[in-house]
Amino acid sequence: MKNIYLDWAATSIPDHKILEKIYETSTETFANPSSVHGAGVKAKKLLENSRERCANALKADKKNIFFTSGGTESNNISIYSIIRKKIKGRVISTNIEHSSVLNPIGELEYMGFDIIRIDSDKNGIINPNKIVEKFAENIALVSVIHVNNETGAIQPINEIAEIVSKYSKKIGKKIFFHCDGIQAAGKIPVDLENIDFYTISSHKISGPKGVGLLYCREKIEPLYRGGGQENGIRPGTENAANIFGFSLALQQAVDNITQNLESAKKKCLFLTDNLAKIKECRIIPEYRVVGGTEVGGAEASDSFSPYILNFYIKKIPAEVLVRVMSEKGFFISAGAACSSNKKHESQTLKSMKIDKNAALSSVRISIGPQTKEEELADFCNVLEEESKKLLNVYK
Amino acid sequence: MNIIYLLKTCEINLKGENKSIFEKQLFANIRKQLDGIKVKISGRKGRFFLTPVDDIDEETRKKIEKTLSSAFGLTGYSIARIVEKNIDDISKTVIDVVSRQFANYVVPSGSVAPHGSVAPSGSTAPHSNAAPSDGAASSDSAARDAASVPFPRTNCDSPVAARDAASVPQSFKISSRRSDKSFKYSSYELSCLLGKLVIDNFKTLKVNLKNPDFKINVEIRDKAVVYSQIYKSPGGLPSGIAGKGILLLSGGIDSPVAGYMMAKRGCAIDALHFETYPYTSEQSKEKVIEIAKKIKTYLPKMKLYIIHFTEIQVHIKQNCKQEEITLFSRAAMMRIAHLLAEKTGANSIITGESLSQVASQTAENIRFTGSHTTYPLLRPLIGMDKQEIITKAKEIGTYEISILPYPDCCSVFAPPHPILKPQFEKVTAAFKTIDLDTFIENAFAKIAILKI
Numbered sequence: 000m001k002n003i004y005l006d007w008a009a010t011s012i013p014d015h016k017i018l019e020k021i022y023e024t025s026t027e028t029f030a031n032p033s034s035v036h037g038a039g040v041k042a043k044k045l046l047e048n049s050r051e052r053c054a055n056a057l058k059a060d061k062k063n064i065f066f067t068s069g070g071t072e073s074n075n076i077s078i079y080s081i082i083r084k085k086i087k088g089r090v091i092s093t094n095i096e097h098s099s100v101l102n103p104i105g106e107l108e109y110m111g112f113d114i115i116r117i118d119s120d121k122n123g124i125i126n127p128n129k130i131v132e133k134f135a136e137n138i139a140l141v142s143v144i145h146v147n148n149e150t151g152a153i154q155p156i157n158e159i160a161e162i163v164s165k166y167s168k169k170i171g172k173k174i175f176f177h178c179d180g181i182q183a184a185g186k187i188p189v190d191l192e193n194i195d196f197y198t199i200s201s202h203k204i205s206g207p208k209g210v211g212l213l214y215c216r217e218k219i220e221p222l223y224r225g226g227g228q229e230n231g232i233r234p235g236t237e238n239a240a241n242i243f244g245f246s247l248a249l250q251q252a253v254d255n256i257t258q259n260l261e262s263a264k265k266k267c268l269f270l271t272d273n274l275a276k277i278k279e280c281r282i283i284p285e286y287r288v289v290g291g292t293e294v295g296g297a298e299a300s301d302s303f304s305p306y307i308l309n310f311y312i313k314k315i316p317a318e319v320l321v322r323v324m325s326e327k328g329f330f331i332s333a334g335a336a337c338s339s340n341k342k343h344e345s346q347t348l349k350s351m352k353i354d355k356n357a358a359l360s361s362v363r364i365s366i367g368p369q370t371k372e373e374e375l376a377d378f379c380n381v382l383e384e385e386s387k388k389l390l391n392v393y394k
Numbered sequence: 000m001n002i003i004y005l006l007k008t009c010e011i012n013l014k015g016e017n018k019s020i021f022e023k024q025l026f027a028n029i030r031k032q033l034d035g036i037k038v039k040i041s042g043r044k045g046r047f048f049l050t051p052v053d054d055i056d057e058e059t060r061k062k063i064e065k066t067l068s069s070a071f072g073l074t075g076y077s078i079a080r081i082v083e084k085n086i087d088d089i090s091k092t093v094i095d096v097v098s099r100q101f102a103n104y105v106v107p108s109g110s111v112a113p114h115g116s117v118a119p120s121g122s123t124a125p126h127s128n129a130a131p132s133d134g135a136a137s138s139d140s141a142a143r144d145a146a147s148v149p150f151p152r153t154n155c156d157s158p159v160a161a162r163d164a165a166s167v168p169q170s171f172k173i174s175s176r177r178s179d180k181s182f183k184y185s186s187y188e189l190s191c192l193l194g195k196l197v198i199d200n201f202k203t204l205k206v207n208l209k210n211p212d213f214k215i216n217v218e219i220r221d222k223a224v225v226y227s228q229i230y231k232s233p234g235g236l237p238s239g240i241a242g243k244g245i246l247l248l249s250g251g252i253d254s255p256v257a258g259y260m261m262a263k264r265g266c267a268i269d270a271l272h273f274e275t276y277p278y279t280s281e282q283s284k285e286k287v288i289e290i291a292k293k294i295k296t297y298l299p300k301m302k303l304y305i306i307h308f309t310e311i312q313v314h315i316k317q318n319c320k321q322e323e324i325t326l327f328s329r330a331a332m333m334r335i336a337h338l339l340a341e342k343t344g345a346n347s348i349i350t351g352e353s354l355s356q357v358a359s360q361t362a363e364n365i366r367f368t369g370s371h372t373t374y375p376l377l378r379p380l381i382g383m384d385k386q387e388i389i390t391k392a393k394e395i396g397t398y399e400i401s402i403l404p405y406p407d408c409c410s411v412f413a414p415p416h417p418i419l420k421p422q423f424e425k426v427t428a429a430f431k432t433i434d435l436d437t438f439i440e441n442a443f444a445k446i447a448i449l450k451i
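Chains as they are written, first to last, in numbering that gives the first Met the number 0: chain A, 0 to 394; chain B, 0 to 451.
Honestly, I wouldn't trust all of these hints.
[Claimed, not checked] Okay, derived cross-link-like pairs now, DSBU-like style, lysine-lysine, Cα gap no bigger than 35 Å in a straight line: (1) B/Lys-420 with A/Lys-313; (2) B/Lys-450 with A/Lys-327; (3) A/Lys-327 with B/Lys-425; (4) B/Lys-425 with A/Lys-394; (5) A/Lys-276 with B/Lys-320; (6) A/Lys-1 with B/Lys-445; (7) B/Lys-316 with A/Lys-278; (8) B/Lys-445 with A/Lys-327; (9) A/Lys-355 with B/Lys-425; (10) B/Lys-316 with A/Lys-314.
Don't read these hints as lab results, they were simulated from the structure.
Just need the whole structure built from these sequences, with the hints factored in.
Right under this line is the structure:
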């Protein structure tokens, strides 16, 4: 039985050519980039070339590109950059963030910051006006995710970045705007204007694990102290070979972004159409099926990443469906919650006011550039068959 | 220095003609658990000596002690030292054993160290090499001494914590025995002599023959044997003596305790687990394996059988009243346990049922599930309350694993309101109509043994 991997949002299938290049490079260019000798200089050059490649891909200045160990670290460095502030001001974020943002922000709250968490609308999208309503003179940081990892909802981050920037100018005080771009970078176009922090993870775009990127255009207090690498923002010996591999993956993703996106949209449309036909199957949010122009005048298909689709089959626990599909060779993930562990309750679906039983049944299918339409057709067929059996048990 | 282990049995001693069968089983179990460590076991009348044949290192010692502290049939054991049969060597050893009594107590810094206060005065104690002669020795140096001696018996490395660490011993008793009657001193004389020696060397200690804080035993045999502390073993009867029971092992808190309790009564055990993948997760199976590993420390021969129960469970769910799902599932499990008992030559089935604990454990329900086997159903927890069971589960080390949040099949398929007082004839007839025979045969044909 062939396994079909449909959990790209958890991690992508690595690119073999890139892996081979990393292997070659890590044996040849192994030296510490901080070393003064020839081997060190060679490693440093590799590192700086990689930085330039990433900067070009993001249309950013390379002095603002910092390499980290991954998305979680990039988010933590961004959010904790304000912890030294003497006056603990206001932080505005949302209830649909990934835990690598939710949890550090929870820590800020513990430290005395005034945390405002905005709920999304029923489609999982943040209304920028709700952020404006919470503006105050003591505001220090605004953090909004770019593409939600559970629903694929694209947030109007450029609009938010702009209003934050305008307000910042108006009060004559810097307000940081952080955006978690881990499910967006290399998949949908990114415009870094007015964004202070933008974070990327290598392994979500077929690069190696253990590498991330932080775009940071402000001088900040680092989270860790050490040997001053990465301009002090992320000290520690750089993993030059893997960073090189990541830069190749990012460039490849950005180079092919338009054609991949078009193809993903087609696959996603196919998937939504077919899932909608399955008994008791519902897409979260339903807006993705019925369409319309509710959100900011955009078409439904433009408001969601076509790489991520959340759905549920009424009454069937997500975990059970995931295991049953796994037995049949399809790897998807339990989108939100595990019935036996309340801690993992999905904040995103709660924020969208999705019914609790639906949330317990919610699963996520996430695709990549290599996913084929035939595979999705197989998936839908098997899902229909298996869910019919399960519905007999969970009637 | 030579050491041997003195083993004590209890209930076995009450046996009559059959006693030797019990003893043989006990020693066979110990040898099996020792897994290749060569030992000689001698003695009689509830007192046995286990002598390692070869010199043993620290690791082997730990293994022997772990074995003895988990061997059903033993009530306790002591670590005894073997010395030459002369008064000088015996005295030296007794002093050493006494000074180690103090090594078991943690002395708060700043207070007077027991060694400091009880240190021999030097001139009167020619054999006091074990205790520091400097009366001002700090508690730190006492602790270091304790750690460097060959018998560091701190609470954490002894199989069973010896005493309450709160009280420093104040009184002692010397108990002597002489099987070699040619020895110069009689038992009484030897006790007096050694008692005086201890009093002279440890000024804070008093003799108390009725209720001493600790006892030093000296036995004059072909060599002299000196021992003090008795470490606890679980008691009961050697496992296997009562034949084998099939334990229904769910992954919850109760069933491992039930297994332990029957093992203590001499049952060898094979465990049987029912999995309902994909309705339950792979982790819930892993959890059962972890629990089985814990039980296996007491029962080295235990096997873990696993039945893929999903088809049976689904068939039951789809063909009976919701309220009967749990009851009928348990009946099906009982049928399978019966088949396994037949196949493996077991003579009983063991469950963790506790009367009225959950809906499926009412007397009416127990009657129905019990009617699906002719083997005796052993339910050692039937009269225990949950807290007692939990305490026992913590004691045998399975509690922490049992409370991991991976549901077993009972919880996944449990109806909201299971039947409490079924009419026996009615449910028996209803059970017949769902026709599980083929499902049970198929599942049993695919029974697997899991490696633990």
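Indices of hints not satisfied (ascending): Of the numbered hints, 3, 9 do not hold.
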